[in-house]
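K.L.:
So the protein sequences, as listed, match chains V and R.
Heads up: the first sequence is residues 431 to 694, going by the working numbering.
Heads up: the second sequence is residues 10 to 289, going by the working numbering.
Check each hint, because a few of them may be wrong.
As the list claims (entries may be wrong) - With a straight-line Cα cutoff of 20 Å, these simulated EDC-like cross-link-like pairs (lysine to aspartate or glutamate) come out: (1) Lys163(R) to Asp594(V); (2) Lys575(V) to Asp225(R); (3) Lys532(V) to Glu12(R); (4) Lys163(R) to Asp572(V); (5) Lys543(V) to Glu568(V).
Unchecked claim - Label pairs and their calculated CB-CB ranges: (6) Glu567(V) to Ser73(R): 52 to 62 Å; (7) Leu15(R) to Arg550(V): 37 to 47 Å; (8) Val124(R) to Gly512(V): 34 to 44 Å; (9) Asn48(R) to Asn478(V): 39 to 49 Å; (10) Glu568(V) to Ser142(R): 47 to 57 Å.
As the list claims (entries may be wrong) - Here are a few chain V residues that sit away from chain R, every Cβ distance over 10 Å (derived from the structure): (11) Pro457; (12) Arg470; (13) Asn478; (14) Ala490; (15) Glu497; (16) Asn526; (17) Glu536; (18) Asn549; (19) Gly610; (20) Asn620; (21) Asn637; (22) Glu641; (23) Val662; (24) Thr664; (25) Glu670.
None of these hints come from the bench; they were simulated from the model.
Everything numeric in this text was worked out from a predicted model, so none of it was measured.
No residue lacks a Cβ here, since even glycine has one placed at the ideal position from N, Cα and C.
Spelled out from the first residue to the last, the chains are:
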Amino acid sequence: MDTKEVNSVNTPLIVSDGCCVHFGNAPALEGVNFSINRGRKVAVVGPNGGGKSTLFNALAGLIPLTEGSLKIDGKSPNEAKGKVSYVPQKDLINWNFPLSVKQVVEMGVTTNKVSSLFNRKKINDKIKKALQDVGLEEKINDNIKSLSGGQLQRVLIARALAQDSEILLLDEAFSAVDIGAQEDIMQLINSINLDGKTILIATHDVNNLEEKFDEVLCLNKHCCAYGDPSEVLTPEVIEEMYGSHTELFMNKSHFKTEGNNSND
Amino acid sequence: MIELILDPFKYDFMIRSLITAFASGAMLSILGPFAINRNMGFMADAMAHATLPIIAVGVFLGFSISELGVPAAILIAIFLGIIIKNTNVGEDTAIGIIFSSFFALGFVLISLLNVTINLEDLLFGQILAVSTSDVYIVVSLLTIVFLIVIVYFKQLLFYSFDPIGAEVKGLNTTFLNYLFLILLSIAIVGSLQTVGIILVLSMLIIPAAAAKLVTDTFVTSIKVSVLFGVVSSITGLYLSYFLNLPSGPSMSLVATTIFVLAFLSNKIRKKGSLATVTIS
């Protein structure tokens, strides 16, 4: 029995019950319902403006709900801070700062307590372990400006690992990186998932989701579908999310239609 | 040479000025690397200009500019922070409105209250007029800024690099935002007598920008920025002493010269490394 099986005890970790988020009068999320069990690897898909980042921001406690409830291990996102680590879209980070890989990963162990920074050995061990886990231990003293897009993404994942939180949110983790780097990141995510972490990844790529993820959450301001990708990614759900682009996905994607898998 | 260096020390006013120049140069350039990497130059300029009405009222009530330092800095930082956060006109626009309107208000108050301030000194600095109590205040402000940056360095760096990540991690980002604004405001108000409202920005951003050109890491850029800031302010003061030049503009021009040298050195270094890559 692997680590994932031990930790994945089918207990809900993230529960959204009628979650609504409005920006002024404009709805970003409306009545979203789902329940994600511990240790699951979930793809969050949907069109631009479909609410993927809004959901992540709500889970991270960055924006308040207008209605409904969102619970992380029975607590509100604000109360559950520390249980969630967030790898934001790259353009939300200020890359002007000439920081070393070590300094970025150390942010994962930085807290409000000034005294917590004095335990250098423990902190350095955590940084080294996180960098080993993402395969970048030899880059520890490199400047982040010298890294490739895929390496930067792995540094941010290492920062999240150093935080040692239960849930990892990755917003557009595969954007602006080449196919090889995408594969590397996916392998890394699989190994983190095997350690029992619950992982949510917002992605625009709806192809082969059933091979990569346990579940898919389909959003277009509301929850269009949630469950096993091979079961819930029907033409109707794709149309509900992407509207007139349905044919494009139907011709290219590997989703299962009713009683007929396009892979077959 | 040594005689030339020691010559200004014959006068008490020059000793006071040198200490103040050192403290102002160091205080502004510790924060400079944070400010330039966060694109806060315009904000810092607005902070400097927003001091004018406070100085007008303060001087009218009998306080010196240094004595007004900390309360004025806190007031300006909190006010700017609140206005920028709560207006939907965009950060630059909000800063621009505050910048110009406060500066205008300052001039109107100086006129209305009939305050006797030498405007040229206020705008371009008059370090030679600092009193002993001014020196104590500016050195105390440097100590406060230095200690707080050391203590909260990791948190300020995290917040500056990735404010969303810092908030998700559970850092008190509102506190960190206002803490930095207050530190910046303290450094600016504390340096007004040295370089004045108009030129204080140059001592904040030019040493930091020069340091960024010749260093590879953020921590080193702070150390080099402080070195450049102190060299600029002290050298500028010596130039003003020996050549009878205005002190604030002299400091600013020395900082600019250092920046030009750093820029050229950076270009030569890049060309050198490019040549090495091509040969190999």
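K.L.:
Could you run down the list of hints and mark each one as holding or not?
P.N.:
Here is what the structure says about each hint:
| no. | hint | in the structure |
| --- | --- | --- |
| 1 | Lys163(R) to Asp594(V) | holds (18 Å) |
| 2 | Lys575(V) to Asp225(R) | holds (10 Å) |
| 3 | Lys532(V) to Glu12(R) | violated (47 Å) |
| 4 | Lys163(R) to Asp572(V) | holds (18 Å) |
| 5 | Lys543(V) to Glu568(V) | violated (29 Å) |
| 6 | Glu567(V) to Ser73(R): 52 to 62 Å | holds (56 Å) |
| 7 | Leu15(R) to Arg550(V): 37 to 47 Å | holds (43 Å) |
| 8 | Val124(R) to Gly512(V): 34 to 44 Å | violated (52 Å) |
| 9 | Asn48(R) to Asn478(V): 39 to 49 Å | violated (27 Å) |
| 10 | Glu568(V) to Ser142(R): 47 to 57 Å | holds (55 Å) |
| 11 | Pro457 | holds (19 Å) |
| 12 | Arg470 | holds (20 Å) |
| 13 | Asn478 | holds (19 Å) |
| 14 | Ala490 | violated (4 Å) |
| 15 | Glu497 | holds (23 Å) |
| 16 | Asn526 | violated (4 Å) |
| 17 | Glu536 | violated (7 Å) |
| 18 | Asn549 | holds (13 Å) |
| 19 | Gly610 | holds (24 Å) |
| 20 | Asn620 | holds (23 Å) |
| 21 | Asn637 | holds (29 Å) |
| 22 | Glu641 | holds (29 Å) |
| 23 | Val662 | holds (28 Å) |
| 24 | Thr664 | holds (34 Å) |
| 25 | Glu670 | holds (29 Å) |
Hints 3, 5, 8, 9, 14, 16, 17, counting from the list given before, are not met by this structure.
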